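Can you make the complete structure from the sequences, with help from the hints?
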Amino acid sequence: MPFVLNYIQHPQANYRKASMMAFAVTVEGCTDIIANKLNELLPLVCTGLQDPEIVVRRAACMALGCLAEEMPSDISEHHQVLLPLVFNLMNDNNSKVTKHACNALDAILEGLGADIIQYLQMLMEKLLFLLDHAHETETKATVIAAIGSAAHAARDAFQPYFGEVLPRIVQFMSLKESTDDQLLRGVATDTAGSMAEAVGADVFRPYVQNLMSLAVEQLYLDSPRLRECSYALFSNFARVFGEEFAPYLPTIVPEILNSCKAEEKNENVLDEEVDLTTGGMDDDLEEDFENFNFNSAIADEKEFAVDALGELFANTKSHFLPYVEAALLELQKLTSHLYDGVRKSATQSLFIFLKTFYTMSNPGPWTVGIPATYAVHENVQRLINTVIPMTLELWKEEDDRSTVTQTCQEFVSALRLMGPVLISDVLEDIAQNLLEIFQKKSVCQMAFDDGDYEEEEDEIESESLLITSAGDLVAALCEVVGPSFHKYFEVYLPLIIKYYKPTKTQAERSMAIGCLGECIVGIKEAITPHTERLTQVFVKACSDEDELVRSNAAFALGCLTMYTQMDLSPHYPVLLTALSPLFSNQTFPNTVDNAAGAVARLILAHPDAVPLDQVLPTFTNALPLKADFEENQPVFDCLFQLFQAHNSFVFSHLSQFLHIFTQVLSDQEQLKEATRAHLIELIRHLNSQSPELNIGSSELARFL
Numbered sequence: 001m002p003f004v005l006n007y008i009q010h011p012q013a014n015y016r017k018a019s020m021m022a023f024a025v026t027v028e029g030c031t032d033i034i035a036n037k038l039n040e041l042l043p044l045v046c047t048g049l050q051d052p053e054i055v056v057r058r059a060a061c062m063a064l065g066c067l068a069e070e071m072p073s074d075i076s077e078h079h080q081v082l083l084p085l086v087f088n089l090m091n092d093n094n095s096k097v098t099k100h101a102c103n104a105l106d107a108i109l110e111g112l113g114a115d116i117i118q119y120l121q122m123l124m125e126k127l128l129f130l131l132d133h134a135h136e137t138e139t140k141a142t143v144i145a146a147i148g149s150a151a152h153a154a155r156d157a158f159q160p161y162f163g164e165v166l167p168r169i170v171q172f173m174s175l176k177e178s179t180d181d182q183l184l185r186g187v188a189t190d191t192a193g194s195m196a197e198a199v200g201a202d203v204f205r206p207y208v209q210n211l212m213s214l215a216v217e218q219l220y221l222d223s224p225r226l227r228e229c230s231y232a233l234f235s236n237f238a239r240v241f242g243e244e245f246a247p248y249l250p251t252i253v254p255e256i257l258n259s260c261k262a263e264e265k266n267e268n269v270l271d272e273e274v275d276l277t278t279g280g281m282d283d284d285l286e287e288d289f290e291n292f293n294f295n296s297a298i299a300d301e302k303e304f305a306v307d308a309l310g311e312l313f314a315n316t317k318s319h320f321l322p323y324v325e326a327a328l329l330e331l332q333k334l335t336s337h338l339y340d341g342v343r344k345s346a347t348q349s350l351f352i353f354l355k356t357f358y359t360m361s362n363p364g365p366w367t368v369g370i371p372a373t374y375a376v377h378e379n380v381q382r383l384i385n386t387v388i389p390m391t392l393e394l395w396k397e398e399d400d401r402s403t404v405t406q407t408c409q410e411f412v413s414a415l416r417l418m419g420p421v422l423i424s425d426v427l428e429d430i431a432q433n434l435l436e437i438f439q440k441k442s443v444c445q446m447a448f449d450d451g452d453y454e455e456e457e458d459e460i461e462s463e464s465l466l467i468t469s470a471g472d473l474v475a476a477l478c479e480v481v482g483p484s485f486h487k488y489f490e491v492y493l494p495l496i497i498k499y500y501k502p503t504k505t506q507a508e509r510s511m512a513i514g515c516l517g518e519c520i521v522g523i524k525e526a527i528t529p530h531t532e533r534l535t536q537v538f539v540k541a542c543s544d545e546d547e548l549v550r551s552n553a554a555f556a557l558g559c560l561t562m563y564t565q566m567d568l569s570p571h572y573p574v575l576l577t578a579l580s581p582l583f584s585n586q587t588f589p590n591t592v593d594n595a596a597g598a599v600a601r602l603i604l605a606h607p608d609a610v611p612l613d614q615v616l617p618t619f620t621n622a623l624p625l626k627a628d629f630e631e632n633q634p635v636f637d638c639l640f641q642l643f644q645a646h647n648s649f650v651f652s653h654l655s656q657f658l659h660i661f662t663q664v665l666s667d668q669e670q671l672k673e674a675t676r677a678h679l680i681e682l683i684r685h686l687n688s689q690s691p692e693l694n695i696g697s698s699e700l701a702r703f704l
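Residue numbers (my numbering): 1 to 704.
Straight-line distance between alpha carbons at most 25 Å, and here's what the computed DSS-like set of lysine-lysine pairs gives:
{"id": "1", "residue 1": "K440", "residue 2": "K396"}
{"id": "2", "residue 1": "K487", "residue 2": "K396"}
{"id": "3", "residue 1": "K501", "residue 2": "K37"}
{"id": "4", "residue 1": "K487", "residue 2": "K440"}
{"id": "5", "residue 1": "K396", "residue 2": "K498"}
{"id": "6", "residue 1": "K261", "residue 2": "K317"}
{"id": "7", "residue 1": "K540", "residue 2": "K37"}
{"id": "8", "residue 1": "K540", "residue 2": "K498"}
What the hints contain is simulated information worked out from the structure, not anything from laboratory work.
Note that this is a predicted model, so its numbers are computed, not measured.
Right, dumping it as structure tokens:
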């Protein structure tokens, strides 16, 4: 970095360009370090974006694009500084600068969300002007992609521009003569899907038939890339239109299945076709494949085809049933494909099929514990018996970290929907697979130890994601198995705690504390033997340098206090001291919400151990919660207890509490039904007991 800092001030343009290029490369390799120093380093890029020399501005655009791609949420927070600079570069006379500016813009828009609205009019004017006047195909493609990102970020606010943009998109989707035409057609197809999801079914409905005709046409243009784009568009439309999309299934599903079955060739090594499933390779071919970097366009096409099968079934439901058997057959085959992207997508779609069958069976609520005390539909059970053992067997042998990460995430999602019936017969196998991950002994963690296949930073990042997903799965198992999972939890506990060290990444430290908090909620009183050790860990984590870790620590500390059978009241002064700083100077709203939830749990567990006159003013000022509405449960349970005990602070600040109640009740999503009913009952009681509050003349009158 010293060279970057020095060269950006160098009088020669090539040195300043080198500074920006070096910075761009550094971002990819040191994301965590850059993120912690972003406020200091971003002005360097801003300086480069305003440089008088074209080569420097172009390099600065590339650096900004790398930043936005690697840390989208961090960069989007600086939109007020960055977007005016990027807009200015979009007016640049040099087409290469314009193209790179649009690339940077596209990356920033990905993480911008609703903040885009204040820029939308100027942004769309510039993008449409460039689209109509740019000469280079790559610039046009970049602009079309940026329009798609703008639609994705703006959502409903994109509607005023929809009528102006769509005819241009249709025009580009009609091109087919040259390679450049196919590039533009593919990007336009992607943008059409983003626009459909932005404006919704009612606005987009009149244009679906024409766009579907174009998307189906490009299935036959001998371009794997265009078939990818069509399959992605079918997925978009299925999500937007749901069962209304079913009439297109007879046309598109056979083509999707054909892509799943398509033969790949390794033209660089072999003259004959080869089986690219990991189980179908002859021993005498292994040497040929050692140096074969497989990245086939056909494999990419398969990945999108497999994704589309899952989306189509999930959204068209019973209309897809005629294709289920054939689709399942292909998905099961492709879980062993050589290309990890296909394996991941096949696993994901198999779990989507499983979850869709489950929801279609109109299930009742599941119950905690193994063996499962509830039954599922025979078709669901049959699919469980097929998919889960196969997935676990593949997991054991999988050498790609991201595929194992995806598998863990799919188990988490399915467990929370379906409960323990999913894993009743295989809990031991899942527990063993997870143990190997935490011990760093799984196949995917040992596959690249020679360093030939992954850069060190990529390996660290993929390992961090793997550990995080494994932690999420442990927490989900605690949730569905309940207190009886404690025998497994006791094995995992020391291994998970090891990830809360200063030498670990932010993601790993956050995982460790967050996972332990969620585990406590699942195993409840079974956490008691570990109370002292965890109290020390959570108190320390409340002062971690990373705010997400602090937020998770507040949640975990509150849960520990709530569920342990050990009396923690003697430690309350230490616990409250640890939580106190989290109520102020936090940028992450969940931090304050989790701190409020923790204090509420402390009060609920031992109200006499809390100096309420000192604690309640800060606690009340944190209400209503801003982001983590799950914490409203302990918060309002605490308030109900305080009202029932006729707490003096509460009754001397009734107007403040009534204002809080008004805000919370105005949003249907903030409270669970039982809590909402209890709160309305409290308001009615206050109205009858204290008419001077004039509740009948307030916004709360509708609840009386």
